[in-house]
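Chemist: Okay, here's what each chain looks like letter by letter:
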Amino acid sequence: MEAAGQMKIIVGIKQEIRASAVAAVLVLSNSALAAVQPESGLGLPRDASQNGHLVDWLMNITSVFNIILFTIMCVWMGWACLKHNRNHPAEYDPGSSKHSVTIALAVSAFIFAIVDGNLFVNSINDLDREYWNFEKVAANPKTVRLEINAHQWAWDARYAGPDGKFNTEDDIVTWNEIKVPVGAPIYVELTSTDVIHSFYLPNFRAKMDAIPGQVNRFWFQAKETGDYDIGCAQHCGTHHYKMKALLSVVSPEEYKTWAAEASALAKRAFDPEDTAAHWGWDWKEL
Amino acid sequence: MGEVLPYRPPRAREETTAFLGMVVFLGSWAMMFAALFFAYGFVRTRSVAWPPPDLPGLPWETPAINTLVLAASSAAIQYGLRVIRQGASPKLGRALLLTVLLGAVFLALQVSVWTRLYVEGLRPETGGAYGSVFWGLTCFHALHVLVGLIGVGLLTRRAFAGAFSAAKYLPVRLWALYWHFVGAVWALMFVLVFLL
Amino acid sequence: MHAEAHPAGVHPEPTSFLRRYIFSTDHKVIAKQFLWAGLVFLAVGGSLAMMIRWQWAFPGRPVPLFGMFLSRSGGVITPATYQSIFTMHGLIMIFFAITPVMIGCFGNFTIPLMIGAQDMAFPKLNMLSFWTFVISLILITASFFVQLGTAAAGWTTYAPLSTQIGTPGAGQTLVVAAIFVTGAATIMGAINYVTTVIRLRSPGMTYMRMPLTVWGLWLTAILNVLFVPVLGAAALLLFLDRVFGTQFFIAGAAGVKGGGDPILFQHLFWIFGHPEVYILILPAWGFISDIIPFFARKPAYWYRGSVFAMVAVTVLSAVVYGHHMFLTGMNPLLGKGFMTLTLIISIPAEILFLNWLHTLWKGSNRFPSPMLFALGTVFVFGLGGLTGLYLGTIATDLYLHDTMWVVGHFHLTMAAAAFLGSFAAIYFWFPKMFGRRMNEGLAKLHFWTSAVFITLVFCGQLVAGYAGQQRRLYDPYQYTFLSHLLPLNRWTSYFAFALGISQFVFVYNFLSSLVAGEKAEQNPWQVGTLEWTLCPSPPPHYNYATPPVVIRGPHEFANPDVIKALGRDWIGQTEPMPKVAAAAIKPAAGGAKD
Numbered sequence: 061m062e063a064a065g066q067m068k069i070i071v072g073i074k075q076e077i078r079a080s081a082v083a084a085v086l087v088l089s090n091s092a093l094a095a096v097q098p099e100s101g102l103g104l105p106r107d108a109s110q111n112g113h114l115v116d117w118l119m120n121i122t123s124v125f126n127i128i129l130f131t132i133m134c135v136w137m138g139w140a141c142l143k144h145n146r147n148h149p150a151e152y153d154p155g156s157s158k159h160s161v162t163i164a165l166a167v168s169a170f171i172f173a174i175v176d177g178n179l180f181v182n183s184i185n186d187l188d189r190e191y192w193n194f195e196k197v198a199a200n201p202k203t204v205r206l207e208i209n210a211h212q213w214a215w216d217a218r219y220a221g222p223d224g225k226f227n228t229e230d231d232i233v234t235w236n237e238i239k240v241p242v243g244a245p246i247y248v249e250l251t252s253t254d255v256i257h258s259f260y261l262p263n264f265r266a267k268m269d270a271i272p273g274q275v276n277r278f279w280f281q282a283k284e285t286g287d288y289d290i291g292c293a294q295h296c297g298t299h300h301y302k303m304k305a306l307l308s309v310v311s312p313e314e315y316k317t318w319a320a321e322a323s324a325l326a327k328r329a330f331d332p333e334d335t336a337a338h339w340g341w342d343w344k345e346l
Numbered sequence: 002m003g004e005v006l007p008y009r010p011p012r013a014r015e016e017t018t019a020f021l022g023m024v025v026f027l028g029s030w031a032m033m034f035a036a037l038f039f040a041y042g043f044v045r046t047r048s049v050a051w052p053p054p055d056l057p058g059l060p061w062e063t064p065a066i067n068t069l070v071l072a073a074s075s076a077a078i079q080y081g082l083r084v085i086r087q088g089a090s091p092k093l094g095r096a097l098l099l100t101v102l103l104g105a106v107f108l109a110l111q112v113s114v115w116t117r118l119y120v121e122g123l124r125p126e127t128g129g130a131y132g133s134v135f136w137g138l139t140c141f142h143a144l145h146v147l148v149g150l151i152g153v154g155l156l157t158r159r160a161f162a163g164a165f166s167a168a169k170y171l172p173v174r175l176w177a178l179y180w181h182f183v184g185a186v187w188a189l190m191f192v193l194v195f196l197l
Numbered sequence: 029m030h031a032e033a034h035p036a037g038v039h040p041e042p043t044s045f046l047r048r049y050i051f052s053t054d055h056k057v058i059a060k061q062f063l064w065a066g067l068v069f070l071a072v073g074g075s076l077a078m079m080i081r082w083q084w085a086f087p088g089r090p091v092p093l094f095g096m097f098l099s100r101s102g103g104v105i106t107p108a109t110y111q112s113i114f115t116m117h118g119l120i121m122i123f124f125a126i127t128p129v130m131i132g133c134f135g136n137f138t139i140p141l142m143i144g145a146q147d148m149a150f151p152k153l154n155m156l157s158f159w160t161f162v163i164s165l166i167l168i169t170a171s172f173f174v175q176l177g178t179a180a181a182g183w184t185t186y187a188p189l190s191t192q193i194g195t196p197g198a199g200q201t202l203v204v205a206a207i208f209v210t211g212a213a214t215i216m217g218a219i220n221y222v223t224t225v226i227r228l229r230s231p232g233m234t235y236m237r238m239p240l241t242v243w244g245l246w247l248t249a250i251l252n253v254l255f256v257p258v259l260g261a262a263a264l265l266l267f268l269d270r271v272f273g274t275q276f277f278i279a280g281a282a283g284v285k286g287g288g289d290p291i292l293f294q295h296l297f298w299i300f301g302h303p304e305v306y307i308l309i310l311p312a313w314g315f316i317s318d319i320i321p322f323f324a325r326k327p328a329y330w331y332r333g334s335v336f337a338m339v340a341v342t343v344l345s346a347v348v349y350g351h352h353m354f355l356t357g358m359n360p361l362l363g364k365g366f367m368t369l370t371l372i373i374s375i376p377a378e379i380l381f382l383n384w385l386h387t388l389w390k391g392s393n394r395f396p397s398p399m400l401f402a403l404g405t406v407f408v409f410g411l412g413g414l415t416g417l418y419l420g421t422i423a424t425d426l427y428l429h430d431t432m433w434v435v436g437h438f439h440l441t442m443a444a445a446a447f448l449g450s451f452a453a454i455y456f457w458f459p460k461m462f463g464r465r466m467n468e469g470l471a472k473l474h475f476w477t478s479a480v481f482i483t484l485v486f487c488g489q490l491v492a493g494y495a496g497q498q499r500r501l502y503d504p505y506q507y508t509f510l511s512h513l514l515p516l517n518r519w520t521s522y523f524a525f526a527l528g529i530s531q532f533v534f535v536y537n538f539l540s541s542l543v544a545g546e547k548a549e550q551n552p553w554q555v556g557t558l559e560w561t562l563c564p565s566p567p568p569h570y571n572y573a574t575p576p577v578v579i580r581g582p583h584e585f586a587n588p589d590v591i592k593a594l595g596r597d598w599i600g601q602t603e604p605m606p607k608v609a610a611a612a613i614k615p616a617a618g619g620a621k622d
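Residue numbers (our numbering), protein chains in the order written: chain A, 61 to 346; chain B, 2 to 197; chain C, 29 to 622.
Some hints could be false.
[What the hints assert, rightly or not] Label-pair ranges, simulated between beta-carbon atoms:
1) C:Q554 - A:V135: 37 to 43 Å
2) A:W341 - C:F86: 43 to 49 Å
3) B:L69 - C:T43: 49 to 55 Å
4) C:R332 - B:R47: 44 to 50 Å
5) B:P11 - C:A526: 39 to 45 Å
6) C:Y49 - A:V181: 55 to 61 Å
7) C:Y49 - B:Y119: 46 to 52 Å
8) A:V135 - C:R332: 38 to 44 Å
9) C:R48 - B:G122: 57 to 63 Å
These are computed hints drawn from the structure, not numbers from a lab. Ideal placement from N, C-alpha and C gives every residue a C-beta, glycine not left out.
Just chain A, with the same shape it has in the complex:
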C-alpha cells in the first residue's frame, strides 16, 4: 500500500515536471515576445525564403504575358464592336479556308509556346532543382529535420534532438510554435491524425497537405530572421480559421542554444507511459 501510494506521488511529480518543462520550452522560445509584422498593400506577402523568388518571378512574368493578351483581346473586341457596327457591311467569310485555318492554328501554337511553354519549362526546373529536390536537402549537413502532426485545430512539431532519432527521449515537442535557424534547409515530414489539413507558410511560398494515414514532405529555407505566420490551407472543420501557428526564424547560435536546453528539459520530463505524446515516427527517407 505504501509503495503504491509512493508510486502515485512519483507519477504525479513526473506529470508536474513534464507540464512545467513544456511551459519552460514555450517561455524560452517566447524570450523576445514574438511579433509577426503585418503586411501592407495588395501585393504578395514579404518573401523571407531562399527560393520564393522563383515562384514570384514566374507569377509576375506570366502576368505580363496575360496582361498583353488580355489587352489585345479587349482592343480587338472593342474595335469590332465600335467600328464594325450595324452600319458596317458584314464580310461573308466562314473562316474555313486553308489560309484562315493555318493562321488560327499558328497563332494558337505561338501563344501556347511562349506563355504555356515558359510556365512549363520554368516550373519543371524549379521543381527538379529546388522544391522537389529532396536528395540535395537530405545530403546537406546543415539540414534541420522536423516532423509535424496536424490535428483539429493545432500544429504539433517534433525535433529529433541530439540523438538524431525521432520518437526518443530527447525529442523537442512544440505546440503551435516552430523555431528554425536562418540559412539552413528545414526538411519537414507531416501527417494528420484526423482530417486533412495543409501546412502553409505564406512568406515562404510553401504549402503541403497533411493527410491522415500518409506522410508527406516538403522543405524550405529562410533567408532572414523574424516571426512569420503559419496557416492552415485546407478546410478542416469549425476552427479551420484559427488553426494558426508561429514560425520563429532565429540565428543559428540562438537556435543551437535553444535546442540544447529544450532537448535537455524534454529528456528530464520524458514519460515512457504517455503513449499519446509519442506520436513521432522513424524518419522516412525517400
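Chains B and C: place on chain A using the hints.
Modeler: Chains B and C only, in chain A's frame:
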C-alpha cells in the same frame, strides 16, 4: 432524297433508338462500377496486407459456382431471344423463368457467402478497407441482380401471357442486355476480388 | 385543333392541367420546370453568397435580413454556421442552379427544336428526370432542418472531414444522398440528350450543320453520362462510410485495420469534378458560339474549328483532374503529367476565342441583350481562363493552391461565364419559349450592372488570393499577414451586394414580361435555325408538323447571293434559294461533307 419522310419512323428505327438508349444507360453504370473497381484497386495496392491479419480470407469456390450460375442464366435469356425471333412466346417464357430461377440461386449462394464471412468476423464496420470493399461491392452488385430479377420476372409473366411476338420483343432485348451486363460485372468481380 | 388533324406525333396533345403542366412529357414544359427550379435555387445560392460576403466585410456583426434565419445566435454567423453557408452555396449553385438552368432547361428546350425533332427520344424518361431532381431538392431542403445543421465540409466534401469523424449528423448524410439522387436525374437527362442527337436529327441535319448550341449541349451530355456515375460512386462510398461504418475514406487515428485512404475520395471526386467544370461551361460556349454570329450577321468563323475545340476539351477533360491534387504528395512524375495535359487543354480554348473574335471582326455587329451577355461571357471567361494558367503550373500552384485566387479563377470561368451565358440564353430564347418579348431597356440595365459588378467581385477575390488569403476562412483577419485585407474584402462585398440587388431588375422584367410582355413574332431575331424559321412563338406541342429538310448550316449570313435574291442578309436552314444557283444549295444527302 428530297421527299419528306414520315415523322413516325418504322418500328425497327424506333427500336434501334431504344437500344442505343439502353447502351448509353449501361455505359453510365459501367463507369460507376469502373469507379468502384478503381477504389478497390487503390486501397488494395496501398494496403500492407490483404486480407489484414486475423481477418478471414475470401472463398473462391462458391463465387466460382456463382459465376457459372450467372453465365448459365445469360445463356438462358439469350436462348429466349433466339426462340422469340421465331415467334415462340411460351418457349420464351420458359427461358425467362429459367433465367429468374438461376438468378435467385445466385442471390441465395451470395447470402450463404455473406453469412459465413459475417460469422467468421468480417463485418463492414470492423473490417477496415478490406471489409468495406468486400461488403460494398458485393452488396451493390447484388442490388443490381435483384433489380434484374424483378424486371425479368415481370417479363416472364408477360411472355406467358403472350405479350411478345416475332415482330415485337424489344423489352426482352433490353433486359437481356442489362442481364448480360450484370453478369459481366460479376465475372470481373470474381476474378479481381475473389481470385486475386 | 384535334389530335387526328396532326400527323402521328411522338405523343398526343395533353388535355388535363396535371398532364399539361405538372406531369408533362413535353420537352418544352419540362424545360420550363427546370428553369423555375433553377432560378429559385439560384436566388438561394446567391443569398448564401451574400452572407459570406457580409461576414468578411463586417465580421461578427448580425446579418441584416438573412439574420432572421440565425435566431439561435442573434442573427450573427457563427463559425459552425459559416461552414454550412459556404458548403451549401457551392453545392446549390453547381447542382441546383446552373445545371437545371443551362442543361435541364436549355438542353431540353433547344435540342429537339434545333435538330428538327418533335420531342426527345424518351419523353417519359425526361419527365422522370425532372421529378427525380425534385426529390433531390427535397433532400437538400430537409438537410437544413436537421439538429446538427446541414453539410459543412465544403462543396468538395473531402474525406475524412465529410465522414462522421469530421461532420457528424444527418445533415451531411442527407446532402450526400441528395447529390446521388441529383446525379441520377442528370444521367437520365443525359441519356436522352445523347440518344436524341444521334437518332432524331431530321433529314439533312448532319452533325456539321447542327447549331453550336446543340454541339455544346451534346458534348456536355456525353460528359455527364461518363463522369456523373463516378461522382455517384464517390457519394455511395461516402454514404456507406457515414451510415454503415465502412472505412473507404477514413485513416489516421480512426482507421480500423489500417483504414482506407482519404486521397481515394479526391481521385474519385476530381475524376468527376474536372469534367464537371467543362459540363458547366460547354453549354455556355455553345450558346455564345451561335449568338455571336447571329448578331454579327456573319457566319461563325471556322465552325469546324469550334466543333473540334469543344470535342478536344471534352476528351482532354478526363485526364487533367490531378491538377486539383498537386499538394497531396502524389508521385512527381504523375504531377508533371497532369501539369502538361492541363496546359495543353488551353489550346482548344484559344481556338474558340480566336473564332469568336474573328466572327466579330468585320461583322455588322448589333447589340441586343443576348449579344451583350454573350460578349460579357467572352470577357469574363478570357480573364478567368488566363488566371487558370498559374494554377495548372505546379510551381505557382504551390503558393496559390487553396487561396482566394482559386476561388476568383473558378468564379470567373464557372460562375460568371455560366451566369452571363445562361442569361444570354434566357434573353435569346424567351420569345420562343413564352411567346412574349422581355423589356429590352431593363435587359440592358441588367447586363451592365451584372457584368460590371460580377467582374469587380471576382477580381477582388483574385487580389485577396494573390495576397495569400486562404479559402473558407470564417475570419481571415485572425492571421497577421491578412489583417490588412479588411478594406479590400469590404469593397468586394459592396460590389457583391450591388450584384445581388441588380438581379431584381431581371426578376421584375422576367415576371412582368411573362404576363404582360408584348407578343413575340415567329422570328424576331431574324436568324436561320429551325426553331425560329419553322414554328411559331411558342411552338405547338408537336414542334413541327413534318420533318424539316435541312439544306445548309445554321449561320448563313451576309451571303451576297442571298442578299441579291431575297433582299435580306440571312437565309433559313431549310429555305431554298429562289433562283437555282447551284453554289448556294447543298444536297440534302445525309453525311454530306460540309
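Chemist: Indicate, hint by hint, whether the structure satisfies it.
Modeler: How the hints compare with the structure:
no. : hint                        : verdict
1   : C:Q554 - A:V135: 37 to 43 Å : 29 Å, violated
2   : A:W341 - C:F86: 43 to 49 Å  : 45 Å, holds
3   : B:L69 - C:T43: 49 to 55 Å   : 54 Å, holds
4   : C:R332 - B:R47: 44 to 50 Å  : 45 Å, holds
5   : B:P11 - C:A526: 39 to 45 Å  : 59 Å, violated
6   : C:Y49 - A:V181: 55 to 61 Å  : 60 Å, holds
7   : C:Y49 - B:Y119: 46 to 52 Å  : 51 Å, holds
8   : A:V135 - C:R332: 38 to 44 Å : 27 Å, violated
9   : C:R48 - B:G122: 57 to 63 Å  : 59 Å, holds
When held up to the earlier numbered hints, the structure conflicts with 1, 5 and 8 and fits the remainder.
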